[in-house]
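A.B. asks: Given next are the chains, with one letter for each unit.
2 protein chains.
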Amino acid sequence: MKKPKTLGEREIIKIIQNQLDRMPKMPIPFGDDVAACDLGNNELAVLKTDMLVGKTDVPKTMSLWQAARKAVVMNISDFAAKGVKPQALMVSLGLPRGLTKKDIEEIGKGLNTGAREYDAYIIGGDTGEASDLIISITVFGAAKKENIMLRNGAKPGDIVAVTGLFGKTAAGLKILTEDLQMPKKTRENLINSVLMPHARLKEGLALGRTMAVTAAIDSSDGLAWSLHEIAKASHVGFVINKVPTDKQAQKFAESNKLDPTELTLYGGEEYELVLTIKQKNLQKAKKATADTGCRLLPIGRVTKEKQININFNEKTRVIKAKGYEHFRTDMKNSKVSI
Amino acid sequence: MKKPKTLGEREIIKIIQNQLDRMPKMPIPFGDDVAACDLGNNELAVLKTDMLVGKTDVPKTMSLWQAARKAVVMNISDFAAKGVKPQALMVSLGLPRGLTKKDIEEIGKGLNTGAREYDAYIIGGDTGEASDLIISITVFGAAKKENIMLRNGAKPGDIVAVTGLFGKTAAGLKILTEDLQMPKKTRENLINSVLMPHARLKEGLALGRTMAVTAAIDSSDGLAWSLHEIAKASHVGFVINKVPTDKQAQKFAESNKLDPTELTLYGGEEYELVLTIKQKNLQKAKKATADTGCRLLPIGRVTKEKQININFNEKTRVIKAKGYEHFRTDMKNSKVSI
Chain A
1 MKKPKTLGER EIIKIIQNQL DRMPKMPIPF GDDVAACDLG NNELAVLKTD
51 MLVGKTDVPK TMSLWQAARK AVVMNISDFA AKGVKPQALM VSLGLPRGLT
101 KKDIEEIGKG LNTGAREYDA YIIGGDTGEA SDLIISITVF GAAKKENIML
151 RNGAKPGDIV AVTGLFGKTA AGLKILTEDL QMPKKTRENL INSVLMPHAR
201 LKEGLALGRT MAVTAAIDSS DGLAWSLHEI AKASHVGFVI NKVPTDKQAQ
251 KFAESNKLDP TELTLYGGEE YELVLTIKQK NLQKAKKATA DTGCRLLPIG
301 RVTKEKQINI NFNEKTRVIK AKGYEHFRTD MKNSKVSI
Chain B
339 MKKPKTLGER EIIKIIQNQL DRMPKMPIPF GDDVAACDLG NNELAVLKTD
389 MLVGKTDVPK TMSLWQAARK AVVMNISDFA AKGVKPQALM VSLGLPRGLT
439 KKDIEEIGKG LNTGAREYDA YIIGGDTGEA SDLIISITVF GAAKKENIML
489 RNGAKPGDIV AVTGLFGKTA AGLKILTEDL QMPKKTRENL INSVLMPHAR
539 LKEGLALGRT MAVTAAIDSS DGLAWSLHEI AKASHVGFVI NKVPTDKQAQ
589 KFAESNKLDP TELTLYGGEE YELVLTIKQK NLQKAKKATA DTGCRLLPIG
639 RVTKEKQINI NFNEKTRVIK AKGYEHFRTD MKNSKVSI
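Residue numbers (my numbering), protein chains in the order written: chain A, 1 to 338; chain B, 339 to 676.
Read the hints as simulated data drawn from the structure, not as lab findings.
Every residue gets a Cβ at the ideal spot worked out from N, C-alpha and C, and that includes glycine.
You may find that some hints are simply not true.
[Stated by the list, open to error] Have a look at the derived ranges for each label pair, beta carbon to beta carbon:
| no. | chain 1 | residue 1 | chain 2 | residue 2 | range |
| --- | --- | --- | --- | --- | --- |
| 1 | B | Met549 | A | Lys306 | 55 to 61 Å |
| 2 | A | Arg22 | B | Phe650 | 31 to 37 Å |
| 3 | B | Lys522 | A | Lys101 | 47 to 53 Å |
| 4 | B | Glu592 | A | Asn41 | 54 to 60 Å |
| 5 | B | Pro397 | A | Leu282 | 57 to 63 Å |
[Stated by the list, open to error] In the PhoX-like style, the derived pairs of lysine-lysine whose C-alpha atoms are separated by at most 25 Å in a straight line are:
| no. | chain 1 | residue 1 | chain 2 | residue 2 |
| --- | --- | --- | --- | --- |
| 6 | B | Lys483 | B | Lys570 |
| 7 | A | Lys25 | B | Lys423 |
| 8 | A | Lys102 | B | Lys352 |
Can you make the complete structure from the sequences, with help from the hints?
C.D. replies: So, in structure tokens, the structure goes:
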């Protein structure tokens, strides 16, 4: 039998999944970012559960208000990636003894702010005593089946595109955990990207309506990890021709002698959307995204060959499947679902 | 400001609720056992979240399989009390380091068994590392608005009825925690009532369809607590004329010089339904319950006066609002919802 320490989050989920009877005609397969239940009339009840745990998901300078808001945002981001409008949220709170009334108010306010930013409401929940701060959120929304963007539809020739630039949260986390120095304004912006994440909901909803997207995921586990997840689910590979590095992250990397490409690819807690789009529909997708005030940035192509490579400075590098996994310390940030 | 130790689960939920914007036209108010979202066409998406925490909800002799199954059953029981069929469940697992592959398999099997016993499926979830074992479940089901039994419809003159006899789990918990002695067979039955709870789902669904029920709740927090919750939500009181004590619980009380009425009223973790029914519809409700193989037992009446009294041995006693509350040790068992 495997010893406990070698069981990673992914393995645990695999073991649990193996014990579960499959719902007949499951509208969305295990392993995508959301689950669903048929409501009839081509409509699905879409559900997502994601758990924030204080000691693994909350940097030390993050307030309770920010942690509660983040717990909501990370769930909403998965709905964004699937093009589903979140309607209502259920909250399960594990609270350590010793929290004050003001602490609890902060948590309540953070939850509400997170939900209202995306036009959703907290409608119920539960609380219990726990050793860690635990905020488990379940999001519900109803959606037409054909508007939902899954992970498994990418086809060779499709364009890979992202909704923003990367590297800021990786830089921000490094500033917070390794106390690296930067000019005040940049430092604040980078830290802020960690403490105040945003989900690309209006972009995801607009893209879902275009029917132009063949596969989608959010980048909460890092750009590299997201590409690997789409590749695995769609049985394809990628050639990336453009490294979408944020300017401030670039500056941070230069000041601290770090590789900006590493920050871009292997960060995490960054809630951009990573999408594959049929070439002929790219303009439509670009327009829909632009209408929400965001720029869709093509960064490469889907390939039949199942490698994920990046062409960079006239060299080809392999993009590794690197991400953090709970229960393991040798990986950096990955969020997985049953 | 109140000091942490005085903040009970109920107060915490009140504080959180006070920070939340209310969803417009919320179909089920805060404080009932489930929450809901309008789906149009008189249909509601019904949701329930309940969290099992190892150290407060799992007696020491309960296996991981039983704990996982119980986490499902306690959620299903709330759907039973509302007359809503559960369709799909999402699971959020907080797992301590050190669990083996076999432990995780047990948890997965327990979750699946619990769901399949009630014809529902686990369709997704999340896992993270936590200091305690935490199993937070969210149940989803769609239901017609008029079939849902709420807490707030009891009217003076209505009959109070229950779906079974009480006291077994209180006795079983006492055997487990205080190591009290009983003949083997009775001892096993009483312990089993704690380790292998059942939700009255088919009874609840049948009763929901009769439209005879004016208010309903499960008795997971004890019969006394359930009566108080309906009384509070419906602005009524009760006169109880019959103490529905289980025979084995009675025997246990006699052998151990305990008050059987105390065991009956102030137990908990007992998943019977407590209902109020219009007098003229009682036969209909009895028949619907009998058709599921269960006996509906009238125990008293709803009163205009807001006390909850029990007539017993020609004396009248007050039924106290006693229940256990997490974060507090001076109360016995209460499960509350946001």
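A.B. asks: Now tell me, hint by hint, if it's right for this structure.
C.D. replies: How the hints compare with the structure:
no. : hint                              : result
1   : B:Met549 <-> A:Lys306: 55 to 61 Å : 58 Å, holds
2   : A:Arg22 <-> B:Phe650: 31 to 37 Å  : 52 Å, violated
3   : B:Lys522 <-> A:Lys101: 47 to 53 Å : 50 Å, holds
4   : B:Glu592 <-> A:Asn41: 54 to 60 Å  : 59 Å, holds
5   : B:Pro397 <-> A:Leu282: 57 to 63 Å : 59 Å, holds
6   : B:Lys483 <-> B:Lys570             : 22 Å, holds
7   : A:Lys25 <-> B:Lys423              : 18 Å, holds
8   : A:Lys102 <-> B:Lys352             : 13 Å, holds
Hint compliance for this structure: hint 2 alone is broken.
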